[in-house]
Amino acid sequence: MTIDLIKREYRTISSISGPLIFVEKLSGGSLGEMCVVELADGEKRTGQILQLMGTTAIVQVLQGTSGIDSDASSVLPTGETARIGVSKELFGRVLNGFGEPIDGLPPIIPDEYLDINGLPMNPAAREKPDFFVQTGISAIDGLNTLVRGQKLPIFSGAGLPAKELALQIVRQAKVSEAADFAVILGAMGITSREGFFFRKSLQEAGALERTIAFINEVSDPTIERLFTPRIALTVAEYLAFEHGYHVMVVLTDMTSYCESLREIGSAREEIPGRRSYPGYMYTDLATLYERAGRLKGKKGSVTLMPILTMPDDDITHPIPDLTGYITEGQIVLSRALHRKGIYPPVDVLPCLSRLMGLGIGEGKTRDGHRTISDQLYSAYARGMDVRRLVTIVGEEGLSDLDRKYLAFADEFERKFVGQGEADRSIDETLDLGLELLKSVPEREAVRRK
Amino acid sequence: MKETRGKIYGVAGPTVLVKGMAGPVMNTVCLVGKQGLLGEIIRIKGELVTLQVYEDTSGISVGEEVISYGIPLSVTLGPGLLTGIFDGIQRPLEKIRQAAGGFITRGIKFEALDIDRLWEFTPLKKKGDFVEPGDIIGTVQETERIVHKIMVPPGQSGTITEIKTGKVSGAEYVCMLEKGKFIGLFQEWPVRKPRPFAAKLPPSTPFITGQRVFDTLLPVAEGGTAIVPGGFGTGKTVVEQSIAKFSRSDIVVYVGCGERGNEMSEILSDFPALKDPTSGLPLSLRTVIVVNTSNMPVAAREASIFTGITIAEYFRDMGYSVAMLADSISRWAEALREISSRLEEMPGEEGFPPYLATQLGIFYERSGKVRCLGTDNRTGSVTVISAVSPPGGDFSEPVTQASLRFAGSLWALDPDLAYRRHFPAVNWLASFSLYQAELNDWFVSEVAEDMVKLRGRLYSLLRRQTELRDIIQIIGVEALQEADRLTLEVANLATEAFLKQSAFSEVDAFNTYEKQYGILKSIFTFMESAEAALKRGVYIETILENPIRGRITRMKEFPNEGFSKKAEEMMRDIENEFTMLEEK
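Taken in order, these protein sequences are the chains called A and X.
Numbering of the first sequence is given in this note's numbering, commencing with residue 539 and proceeding in unit increments.
Numbering of the second sequence is given in this note's numbering, commencing with residue 50 and proceeding in unit increments.
The shape of chain A in the complex, shown without the other chains:
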């Protein structure tokens, strides 16, 4: 960030509240402008103007306000919006949540600086996403197919293996791609253990040189988390639309991000919305998620896989709820399956891929894919009904047909969903699906052609 030295610095901090400072008599500052906040002992912190009212500016301080005093600390507007220096040199690097290297290697020499907020993609310029991505996971490829340019989140619960699944997808999706594949990890509020896990797994997968990691750990400043996904997505857009890469962005954990958003909202004394998350959280999340996509006339794509932890496994909680309303489907993990030892514990019934129809069928996966998927859904839903029934009427009250569906549900979970670390081709997935469907009667499976 360049600093214009002619600009005046202001020693007019009137109040400090949570992560915010209020600066008086500030003239010429603009909304979103970055500032340098200098403490009495010379420590420099990064701030951003959130609101302007007359000559009062509200500035959020990324590293927190602890130690800032209203007399001796100063604020210096830089005249710049929040920007990140981008370059292909970023590959293989590990940076903090604000885009500064933390891997001990020298700083990056950027090709250009880009505004991290980006610009909204013109809906008329979007290219329809229709390129099938084989993740090697049956529950995804067969039933909730992922396509390039899609945003497909993983809804997880505390202790469920969402990160393992995300990494397995990254690892396996890589295989079918050529050299133009890139992974960007935006980690917000993760534990250092998770940080190690990500780096180790990516290294083992041999994907590290294709990866850029922005890592904000639990102990790092919370406000920085609001910047991390924006930086990650700005780099993704740069690689995809300037250099033609197919970029997979994994953002984890969106729950931490939303909590930071709530923290700022409450410090600004805004009227809180549901569960005290700000009323504009939908719009805010949309400005992140909607950055996935493809553009007409450009080779690359940005595919987004946010991971979030549903508080108390509650899918109606505002974080998963608003996410589900923006993203093109969701992969939901189930505690019940996890307890049964099934990996990946994908709860297929509430899962969805809205763009599946665009990525499957003849020439993409195979003819009849939709039929197989619909039949598996129908039969499994019926099997689950029977399973509930058993708890009330016992196995004796079941008809033969019901028993068949019950057995189908068990087999389906064990074999189709619970594939473990295996990397299945789409043909293997669909053949397995057909094989399993044989156990339910033809006449009943009306969806079968």
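Worth double-checking, as some hints may not be accurate.
[To be verified] A short, non-exhaustive set of chain A residues, derived as facing chain X with CB atoms under 7 Å:
| id | residue |
| --- | --- |
| 1 | Ser568 |
| 2 | Leu569 |
| 3 | Gly570 |
| 4 | Gln589 |
| 5 | Leu590 |
| 6 | Gly592 |
| 7 | Met659 |
| 8 | Pro661 |
| 9 | Arg664 |
| 10 | Ile809 |
| 11 | Thr821 |
| 12 | Glu828 |
| 13 | Gly862 |
| 14 | Ser916 |
| 15 | Val931 |
Read the hints as simulated data drawn from the structure, not as lab findings.
Computed from a prediction, not measured in an experiment: that's the story for all the values here.
The beta-carbon is built from N, C-alpha and C at its ideal position, and this holds for glycine as well.
On the provided structure of chain A, position chain X as indicated by the hints.
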């Protein structure tokens, strides 16, 4: 128009405070700051004027200038709307793409309609004719599919002193009235002001969607309103899109309000390729798209549904039947909430402003079947179908509840049905249509004499299905009486063969009433024959094992053409099969 200037005093999110404006007027537009961003005055409090800005406000500084010309937020109406794609404040997105590439840069401006494009104007009036508001002075073949009627704008009348013929552009006049008044191809209209009409008419004809569950069970009238609430993944967008594709309306205005960009790209690439069922011409030729995706500025999202409904009303005024699809009205309400909270207004329920219901009512009431202005007594209609996205799928929230008060039909989507891939995932028992009674005459005269009766029977059958399913939960299916078991199986057949419909199947996506009636009638023929056989002493297993049931389920795979013949054959086959069944 008077021009007035002021200076920016504060910026918070999408709102900007201005000081020093002389005589600001509510709801007029302003140009804000160095970049000339478009804003609208939404509050005047002493010398402080609050604007909502239709573009991202970052980078705006205190002290920059604001200019108001005293004009309300308006849209341009005229040839060139069809096949167009506009943002919430009617900026042409295709032009922006050509100029700026993949992303929408701030402060970019284009006229909504191409003012230089020449149109072939055919006059219908001549010199010396006296014309009133709404009179059609001539036509332009806007697309292969739609004739655009050039009307005398509201508030103008007089004797024609000159009328052109042949190639005319939007920049010129096509007709001159006495005292030097002009009529051009284009007219401006403020989006927040409903366009006038001669009289509202009661609903009497159904709005044909081609979807069995809607048309037969839960019809919406032409000029009516339907709301489609549902949690995420229940298929709201697919319902909206299917209606945009297959409904028998002349014009479709599709408003993507705060929704996904990729879905819009799907519409944009599919519509030019898909054929409209009535004319066989590409769907795009009858469609106007207004899109303000969730990541585009929130104030423009608020404006988008008003932009959309104004365009819909304009085509209604020409005498067309217009479908206005809003996906989703909840995103509009959230935009309203966001701006209201920036104004620090006292919040109502769930933080929504107390005037939410009033505003929603104003929007929904702009639907309707009307006798248009003009001396030829033509009628036109705007049917509004809006998706509602209740948080957590909970319908008790304010937007769903307020919408319910104004909607004539409720199509409630159910996640449980969606999970089992039953689409459209309409919960038939939780939904309603208030138009049934008004449309009964039409059904009897235009579809079949027993259509209304069959619908009643279908309702009772489905209600019974729910009861029986509850009983099974306790005693198991084996303990049901045979007659009940049969009723349940017929109800399941109706669910499968009639209620479930694939939006992706070429033959099943749109059903004529002839086909809907044919399938329904076959199901009840099966029910009657099966009940008779059961009484006669045939085993229930024998009845249920008969393959005829599967054939009824597959009836939807027959095309619309000549369906009644196919249905008659089917009913004959059903009766034959059952008379042949052997008794115990």
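So, going through the hints one by one against the coordinates:
1. Ser568: holds, 4 Å
2. Leu569: holds, 5 Å
3. Gly570: holds, 3 Å
4. Gln589: Interface hint status for A/Gln589: holds (5 Å vs cutoff 7 Å).
5. Leu590: holds, 5 Å
6. Gly592: Nearest chain X Cβ about 6 Å off; hint holds.
7. Met659: holds, 6 Å
8. Pro661: Status holds, d = 4 Å.
9. Arg664: Holds - the Cβ of A/Arg664 comes within 7 Å of chain X, reaching about 4 Å at its closest.
10. Ile809: holds, 5 Å
11. Thr821: Constraint on A/Thr821 satisfied, holds at 5 Å.
12. Glu828: holds, 4 Å
13. Gly862: holds, 4 Å
14. Ser916: Holds. Min distance 6 Å.
15. Val931: holds, 4 Å
The structure shown violates none of the earlier numbered hints.
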